Structure formats: structure tokens, C-alpha cells
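Chains as they are written, first to last, in this note's numbering: chain D, -19 to 256; chain G, 351 to 874; chain L, -18 to 296.
Derived by calculation from the structure, the hints in this document are not laboratory data.
If you're wondering where the values come from, they're calculated on a predicted model, not measured in any experiment.
Here a beta-carbon is modelled for each residue, glycine too, at the ideal position from N, C-alpha and C.
Possibly wrong hints are sitting among the right ones.
A few chain G residues that face chain D, going by a derived Cβ cut-off under 8 angstroms, partial list only [as the list claims (entries may be wrong)]:
no.	residue
1	Leu682
2	Arg707
3	Phe714
4	His716
5	Ser720
6	Leu721
7	Asn722
8	Pro723
9	Arg724
10	Arg733
11	Pro734
12	Leu737
With a Cα cut of at most 25 angstroms, we get these calculated SDA-like pairs of lysine to any residue [said to hold, decoys possible]:
no.	chain 1	residue 1	chain 2	residue 2
13	D	Lys150	G	Arg634
14	G	Lys619	G	His824
15	D	Lys150	G	Glu695
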Amino acid sequence: MTELFIRLMRKPQGFVGIVLLALIAAACLFGPALAPYAPEKIDFLGRFRAPGWQNWLGADQFGRDILSRLMVGARSTVPLAFIATFVGSAAGATIGVGSAYLGGRTDEAIMRTIDAVMAIPGLLMALLLVSTLGNGAGNAVIAIAVAFAPGMARVTRSAALNVRNQDYVKAAIARGEGAPWIIFREMLPNVMAPIVIESTIRVSFAVMLFATLSFLGVGAQPPASEWGLMVADARQYMHQAPWGLIAPSAAIALTAIAFNLVGDGLRDALNPKDER
Amino acid sequence: MTPVLSIQNYTLDYISSAGPVRVLHDISLEIGPGEVLGLVGESGSGKSSLAWALMRHLPENAREVAGSLRLGDIDLQRLSPGELTRIRGRRLGMVFQDPSTSLNPTLTIGRQITEALIQHRGLKQRDASSLAINLLGHVDLNNPAAIMRRYPPEISGGEKQRVIIATAFGCRPDVILFDEPTTALDVITGARILALFARLRRETGVAALYISHDLALVTRVADRVAVLERGRLVEQAPAADIFRAPRHANTRALVDAVPRPERRLVHDKPGDQVVLAASDIEVRYGSGGLFRDAPPPATKKIGLEVRGGEILGLVGESGSGKSSMARALTGLARFSGKITFDAHEIHRMRDMNAAYRRDVQIIFQHPDASLNPRHRIDEILSRPLKLYGGHLADIPRLLEQVRLPASYANRWPHQLSGGEKQRIAIARAFAARPKLVICDEITAPLDVSVQAQIIELLLALREETGTAFLFITHDLNLIRQIAHRIAVMRRGEMVDLLPVEDFDADHVHPYTRELMAASPVPVG
Amino acid sequence: MSLAWFARRLMLMVYTVIVVSMLVFAITQILPADAAQSLLGENATPEVLAALRTRLGLGDPAWLQYGRWARHIFTGDFGISMRTSLPVGPEMLAALSRSLLLAVSAILVTLAIAVPLGVVAALRQGRLTDTGVSLIAYLGVSLPEFVTATLLALLLADTWHWLPATGYVSPLEDFGDGIRHLALPVLTVSLILVAHVMRMMRSETLDVLKSDYIRAARLKGLPERTVVFRHALRNALLPVVTIIALDVGYLLGGIIVIEEIFAIPGIGRALMVAITTRDLPSIQAGALIMAATYAVTNTLADMAYAFLDPRIRYD
Chain D
-19 MTELFIRLMR KPQGFVGIVL LALIAAACLF GPALAPYAPE KIDFLGRFRA
31 PGWQNWLGAD QFGRDILSRL MVGARSTVPL AFIATFVGSA AGATIGVGSA
81 YLGGRTDEAI MRTIDAVMAI PGLLMALLLV STLGNGAGNA VIAIAVAFAP
131 GMARVTRSAA LNVRNQDYVK AAIARGEGAP WIIFREMLPN VMAPIVIEST
181 IRVSFAVMLF ATLSFLGVGA QPPASEWGLM VADARQYMHQ APWGLIAPSA
231 AIALTAIAFN LVGDGLRDAL NPKDER
Chain G
351 MTPVLSIQNY TLDYISSAGP VRVLHDISLE IGPGEVLGLV GESGSGKSSL
401 AWALMRHLPE NAREVAGSLR LGDIDLQRLS PGELTRIRGR RLGMVFQDPS
451 TSLNPTLTIG RQITEALIQH RGLKQRDASS LAINLLGHVD LNNPAAIMRR
501 YPPEISGGEK QRVIIATAFG CRPDVILFDE PTTALDVITG ARILALFARL
551 RRETGVAALY ISHDLALVTR VADRVAVLER GRLVEQAPAA DIFRAPRHAN
601 TRALVDAVPR PERRLVHDKP GDQVVLAASD IEVRYGSGGL FRDAPPPATK
651 KIGLEVRGGE ILGLVGESGS GKSSMARALT GLARFSGKIT FDAHEIHRMR
701 DMNAAYRRDV QIIFQHPDAS LNPRHRIDEI LSRPLKLYGG HLADIPRLLE
751 QVRLPASYAN RWPHQLSGGE KQRIAIARAF AARPKLVICD EITAPLDVSV
801 QAQIIELLLA LREETGTAFL FITHDLNLIR QIAHRIAVMR RGEMVDLLPV
851 EDFDADHVHP YTRELMAASP VPVG
Chain L
-18 MSLAWFARRL MLMVYTVIVV SMLVFAITQI LPADAAQSLL GENATPEVLA
32 ALRTRLGLGD PAWLQYGRWA RHIFTGDFGI SMRTSLPVGP EMLAALSRSL
82 LLAVSAILVT LAIAVPLGVV AALRQGRLTD TGVSLIAYLG VSLPEFVTAT
132 LLALLLADTW HWLPATGYVS PLEDFGDGIR HLALPVLTVS LILVAHVMRM
182 MRSETLDVLK SDYIRAARLK GLPERTVVFR HALRNALLPV VTIIALDVGY
232 LLGGIIVIEE IFAIPGIGRA LMVAITTRDL PSIQAGALIM AATYAVTNTL
282 ADMAYAFLDP RIRYD
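Pulled out of the complex, with its shape left as it was, chain D reads as follows (with noise of 0.2 angstroms):
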């Protein structure tokens, strides 16, 4: 693992996504301890302050520090799009190393009805799903798990088909090793590689959906500081306090490209040939 750690740090893609992530997780577990302000704190006089020494990245309609509500606001955005994202992949992954197995018309059966889900969009599957639980960010997560494990199924499968064609597989049904042997053994370890890179790239998608949702008024709910829910909020005054619009946008981007660029330096990472 810490071969792989020090692989991916190596390239300028891994390093940059490496040390974004960093601070992030950081924003994440310390937030709220870190944080200049309590998130939820008002203040009136300081409505609309410009950022400057007393709010760092300014306040909001309600005087309330945008800096702060972003720390904290991390939590509420990064670690639920984490969790759909896994959970999403592993379903997704399942469905798709079980068709890869079963092969034959059993496995374009299953795809073809995967490729006919994947017509929804990704958006409004999450929001008919939404629709249906009910408002709130534990039901956009799993709208967002929903969402996602039809694509993953699909990644998974080309790969694991991949694997399924090689010869050491072949040399293994020749042997005569059983089916789980086979598949958990033999596949599993060669198309653990394509799972890991598609979902960390995933999680980017994840964010932002999950920020989508949010924003639309049907994921996380106020006074939560949802960095979706704070664009939603920021547009009405876009005119008088900008940076409550800039802030928890630049916020989403950065995770977005942070996990794009980790996913990316894996690819180059868990490169076989390149293990030497």
C-alpha cells in the first residue's frame, strides 16, 4: 500500500489530488473545531460583510461567517457523497463481476436492461427516488447509491469480462477450481483496479450531485451548511455579497477536481507494467 502511495505521489496529478484530499479530510474531522465562528451564529450588524480580516471569505444574508459554514459544511457534503458513491460501487460491481461470470446470454440480458436504466439521467433518477422516500440527505444518498450502480455495473463488467478471457482463468477452470475460487481469487484481484479508479472519479460526481440536490431543495436541509444548500441560499443576493455565491462554489470544485485528479493518478498508479 505504500508502494502505491508513494507511485501515486510521484506524478504531479497524484500529488496536487493527494494534498487537496488532505485538506479536505482535514475540513472534514476538524472543522468545526477549527472553525473561526460557530456556523449557525448570527449576526446582523455584520450582514453582507466583504471578506476582510473579521470574516475571512465574508458573511451571508444572516451575518453568519462563510468561512466557517464551509469548514463545517464539509461534513455535510463530502463524506455522504462517499458513502453513496460506495455503496453505489459495490452493487454496481457485484451485478456486474456476476454477469462477467455467468457470460453467455444470462450476461447480455442483464446488460441490455442495465443500458435501458441507464436512459433515466442520473439526476432524475436521484430525484424521482427523492420524490418518493422524501426530502433529506440520507434519502439523497441513497437516490445517489441508486443512481450510480447501473455505470459502475457496466465498468465492472467490461473489465471483468476482460479478466474472465485471460488464460489464467482458463488455467484455472482447466484445473478444475471451484467458483469462488475462481471468481474471488483469480477476477476479483485483476479488476480491483478499474473498480478503484472509476469510483474514486465517482465520488467527484458524487459531490456534485449530492450538491445538485441540495441546491434543488431536496437533498440536505436547512440550517444545515450543505455547500449546495449555501449556492441555493447566496443567489438571492448575488448582487450585494457575491462571495457567499464564490466561496462554496470554488469549495465544490475544488473536491470535485481533487478526487478527478487522485482517480486520474491512480490510473497510473495500479499500472501493472509499470510495477518494477
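Got chain D; can you put chains G and L on it based on the hints?
Below, chains G and L alone, put in the same frame as chain D:
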């Protein structure tokens, strides 16, 4: 007389993350007008790098350290990009290894020939088209006018290579570089391409640099042969002499490694008891879909028997069904028919029990793909021991058996060479002392010297264990050295099954005769 | 490309639409423990709930409900809106036409910008142009639509006052004003699409440039210009058709947000309104129409691609 191509003291490095790696050391070669020089070397010899250097298509990390490359009196290294474009194709042609990737799949054949003719011979479109049709007819293509309108994916590999050769010759260059032009083709198709090349050469007097890893093949087409070993020129001699009287030690080793049917390596007789008998084996891949017909079977009711300790050769070109037989016998492909092994009858994959799986082993063609890249060697070798009853302590012995050091147990596959990986695959197959080992073209991707070592290893193992072999290959000369009986397959049917003594031009099927003619024994 | 191939492709499209309809129906009507309750909220009285249940036929088994709904959809009857009491179908389709106007304009703008930029970036791989293009693409892919939209609105409408921030005017009624109102949404969507398409074109073109047949063409002595234009670009541009299909996919996802922010009365907005007001028939119709649009576009793209690429013709 000025040589057409002159390479003087040429030295080339590639810069890698570990520093510069010297690929060519002080190479000096000359090709006279109308002469064919064969350049032979195994993998890593640097022969392809020399071709790319001449075409000025070296990779970014290449550094030309010393020496000169001249085409006639033109210094190739001093050419501007514009001048280079004028030289390529017109004075210096090239024919590549893989015809299916050398043609643009979305342009017609006609377009791809005429554009070269227009560029280099200054013709108008209409004249170029008629010349192209002429050229295509001249390389023995049927209905050239129709082929002009086709796209590359619609014609066969052999036909594509003829098109490329026609284009190269049609531009009337001084010299043509041939980079292993028949390696990607079937034996018979390849032989026909070589005959075509010989004829065109006689007619046009074009000089050629013919690069190959196959020494025997090169001596058939070249006037002189140069041998490269790890970037150094070890020997240069007329083609006739190099086989008969190789001077350098490396050349001698190369010559010795070339399979020759008269050099028999197996001298005993097989036992009488039949180990495995297969009858009416039909292998089908894929079934029909809603709108598609089912594809034809890969093997059409084939039968064969292997006796104890026997080496049965199975020869055929691609698409003959020989690999499908191997897959059927090891439960990797669905088949119909009957297999009798050890008094046990098998009609389906499911009937193959643990004893069968232990006693019938398979070794695959590509060592890179048959070892799981995420398993260490000791784990790979432990599997047959665990499945068939053995001790993990046997692993060092298994490694020793295939002449590899015990320390290799801790390595990963990517740390081993192709030949070493294949040895691990062999060790894995022999771990449980099988009765029959199926070798599916296991030496095809290897250098000829490595192939000789692997064959020697297999024969030594056979001495120790008395295992029978079903040895699948397309190399007729190789199998005639080691097999007791040889079966020949063509398009799913078995056309011949003969003892090796009877394998001569009088007794064999016409197709087999053609195969034998396509891989003649080198003189020497 | 045989008739059989066409037939297969069409059947796949039909299958897709059927699966989507089942999924949409299941999520919106079957999944909720009590759809009537979730539609009317907690304060609804038992009588009103019972009346709604009867009206929507919620007591029947799932397959029966679906069958009824599907039959109506097939005949073009999308039901009556619970919010406006007007037929859903005509309203949704009108909304779709407005969205399509936005979508088509955005796609055209995107192709005009992204395809050349992507190709140029590949041709100049590793140099400044390439780095610049790749960076912008990266950024575009890492910003959610609502961020891009809001920031653009902030800049172009709020700060510089070039364009109106929200609203829609039909170009049929007033062309100039219609364009002005469409400009920001089209620009926003285009920016996002350009980022995606540029990356794809760049990687496609790079793949082509590295291929053996391009190398063979160069070594055949063809001038670089011929190699690039006659050989490379031809193959690199083939996937544009597929890219358009994928664009539509991205679009449909983002259009909900874009129309919401810019107050464009397209199908995205209609869906959002339907979802927030729990107008079940409208939700079902809107979702189905969106997904069906994607399925149809994809199928058309596949057919166009097969027509253009000689390799696929010999399936």
C-alpha cells in the same frame, strides 16, 4: 559502385528512467544495388530499431550517438522534414509486419494505392488508377478492379500484404525495408508472399533489407545475411554459407536451434496402452441468436488416441480447429462426442472428475496471459499441489525440475522473461505428475533459441515421468523432430494421421504436401 | 448492415422504453407505501385519501395498475394533471419542444467549438495549446451545472448586464428578444458540454494519431497535411455522431437544473414543478418522455454511425 544503403559505425541509445540503454553498437552494413540483405536477430537484438532509424521514425527518447546512415549519397540524418517526406516511399520504401493495421480501414484500397502513386510518380488520378489495377494484377490478386473499390476489412491478411507490397514496388524505390512481413500470416500464405517477393525482385532489381527473427526463412530470400545479437553485429556472410558454416558462436547456436526434421530428438517407441481416446469430438462456439445463424463448428467430429508416453503432434494453420480440440479435451469448450480416459467415459465437461483434471494438464501459448499477474510464483505453483494432494515443500523441487532457482518462488510474473514464465507454466502442469500434457503452441511466441531450450526441457521431463504429450503447433519441422505420430488438421477436419516415419511427400495428403513445401528444411 | 441489424436495434429501443416505463412507474406509484399519502401530505383527511386512492386505482395489484397506465400512454393519453386539471400530454410535449430548441442550439454551439479545439489539442499534444485546452476541460467537468449557471449569470447578467438573467421569450414571437433570453442558458449548457466533448475528441484524435496505419501513411511518404486531413481526421471525426448522442444524455441530466435557474419553461422545469407539487401523472409523463428522447437519440446515432463507418457495415 555506390552502395544503395550504407550504415557506418552506427550507435543508438534509448534513454530510459534508469539511464541510457545502448540498443545498437557500432553497426556497419552495406547493401549494393539490387542486393537483398537479410538481417536476423532474436527479440531485443535491435533489428527493428535499425529499420526505424533508417526511416527516421525513432521514438522521442532515442539518441543517435555516432555513425552515419546514407541512402546512395544522401545523408539521412541531415534531411529536413520536407526532404524526408520526398524520400520516403519514393526512394526508400517499407513493408510492415502486420498488414491488418497498416491500412486505413475507412479508405478504399484504391485510394490508398493511388495516393502513393500520385505523390511519387507524378501521375494524374486516372493514370494512377489504371496503373494501380495493373500492379494489383501483377501481385496475383484476383479481380483487381473490384479490390480497388473494397475496404481493408473486407479482404484477407494475405491479400492486404500483397496490396502493400504492390504499393511499395509501384513507387519504384531504390531499396525497400521489409520488417518481418510474413510473421503475422499463415505458413502457406507466408510462403506465397515470399515467392511473390522473389519474383518481383527478379523483375525489378530493387534492393532490399529483409528483417526477420527466422534465420531459416531469411536464407531463402537473401543474398547475404547479417546476424545481430543484443545490438552487435556478430556475423555477416553469404546466405548459402551462413547455415552451412556459421563462424561466430552466437550464429552457431542460432543455427543449431533451428528445427530440422532429420535431426530426431526422440528415439524411443511409445507404449501400447491407450491413455486417452477421443471420438466424434465436435466443438461449437456460440449459438444462434434471434436473427443470426449459428456459426459453423470449429471441429467436425474429430477422433484421436494418445498412448502411454507417446508424443502425438497436432499440426494446422489458424482456424484449423487444433486449439479447439485442446480446449474440448480440458473442459474449456463445449463439445459433443466421447472421451475415454482411464476406463472412464466422458461426454460433457461435467463428467470430467478431479482425477481427470489432475491427469490431463494444459499449457497455454502466451506465458504473459497464463500466469495471474497478481499472484506470486509460489502461490501459482501451490494450486495444483493443494488441489491434487502434494506438499508445499515440493515447490523448490518443482522449480529445480524446470531449471529455475528456488528464489524465484517469491517473484512476480512480470519480473520473469517470456521463456522463464513458460517454464513456470510447465512446472505447474507437471506438479501432480500428469499422464497427459497438452501443449497448445507453447513455443510459438518464443525466440528460436529459447524454443530449443524449452523442447529440451520437455523431453527431459518426459524421460523422468513417462508423460504423454499432445503437442499442438504450426511448425511442421519442429514436430517432425519430436513426435511419434503426427495429425494434420484443416478447417475442422483431420486430413492426415501418420507415424512420423511415413511423413514424406509420397504418403501425405496434398494439403500436408503444401504445408511441407511452405516450410522447407534449410540447407546446411 | 442488414435488415436484421436494423430490426434488432429497433427492438432494443422498444425494450429500453418499456423497461424505463416500468421503472418510472414502479418508483413513483408502486414503491411508496401509500402513494396517496405521499401525494397529499400528512394533513390530508382519510376521506380525501380514500377518494384519491380510488381515483388513481391504487388498490389494484401492481401489474394491473401498470398495464392500465401503459395502455393509456400507448394511445397518447398521459392523464390529467393533479395541479392544473388539464391534460398532461400536450403541455409536456410543448415543454419538450422548448427544451429541444435549447438542446439543439447548445449542441450546435458545442460541436462548433469543442470538435476543432479537441482535435487541435491532440495535434499539438504536450504543447501549450494542449495544456490550456486540457485544463479548461478539466475545470468544466468538475463544476456542477448549477455552479456554472449561477456564476455565468452573476457575470453576464448581474455584473455586466449584457443578457437577461431569467425568463423565456419564444423566438417565434420575437426573434431578437427570444435569442437574448436563450443566450445565457445555451451558453451555460454549451460550456459544460464543450468540456466533455473536447476531452473526448482529444483522446479520440490521439488514439488515431498513434495508430499503425497513420504511421504507415507517413512512412509511405505522404505529406503531413494529407496524413492529417485525409487519414487521421476522417477517422477521428467518426465518433462525433456517438458524441452527440452522449451529449444528449448529459444535457437531459443538466437541463432540469438549467431550466430551473433560468426559468425556461421546458420539460426540465415542468418536471421540477411536478415533483415539488407531487403531480403524479406529470412526473410519470415527464420522466418517461425524457428517457424516451434519450433512447431514440441513441438509436438514431447508432444507425448514423453504422452508416458512416465502413467497418461496422460488415457486422
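Hints and how they fare:
1. Because the beta carbon of Leu682 (chain G) sits about 5 angstroms from the nearest beta carbon in chain D, less than 8 angstroms, this interface hint is met.
2. Of the supplied interface hints, the one on Arg707 (chain G) holds, with its beta-carbon coming within about 4 angstroms of a beta-carbon of chain D, less than 8 angstroms.
3. Restraint check, Phe714 (chain G) versus chain D: the minimum CB separation of about 4 angstroms is within 8 angstroms; hint holds.
4. Proximity of His716 (chain G) to chain D holds as hinted, the smallest CB-CB distance being about 6 angstroms (cut-off 8 angstroms).
5. The beta carbon of Ser720 (chain G) is positioned within 8 angstroms of a beta carbon in chain D (closest approach about 4 angstroms), and the interface hint is therefore held.
6. Interface restraint check: Leu721 (chain G) against chain D, minimum CB-CB distance 6 angstroms, threshold 8 angstroms, status holds.
7. Hint on Asn722 (chain G) holds. Least Cβ distance to chain D is approximately 4 angstroms, under the 8 angstroms limit.
8. With a least beta-carbon distance of about 5 angstroms to chain D, the hint placing Pro723 (chain G) at the interface is held under the 8 angstroms criterion.
9. At about 4 angstroms, the closest approach between the beta carbon of Arg724 (chain G) and any beta carbon in chain D falls short of 8 angstroms, and the interface hint on this residue holds.
10. Checking Arg733 (chain G) against chain D by beta carbon gives a least distance of about 6 angstroms; that is within 8 angstroms, so the hint holds.
11. A least Cβ separation of about 6 angstroms between Pro734 (chain G) and chain D falls short of the 8 angstroms threshold, and the interface hint therefore holds.
12. For Leu737 (chain G), the shortest C-beta to C-beta distance to chain D is roughly 6 angstroms, which falls under 8 angstroms, so the interface hint holds.
13. The hinted pair formed by Lys150 (chain D) and Arg634 (chain G) meets the criterion: a straight-line CA distance of about 17 angstroms does not exceed 25 angstroms.
14. As the CA atoms of Lys619 (chain G) and His824 (chain G) are separated by approximately 24 angstroms, the hinted pair is consistent with the 25 angstroms bound.
15. For the given pair, Lys150 (chain D) sits about 23 angstroms from Glu695 (chain G) by alpha-carbon distance, which is consistent with the 25 angstroms threshold.
Every hint, counting from the list given before, is met by this structure.
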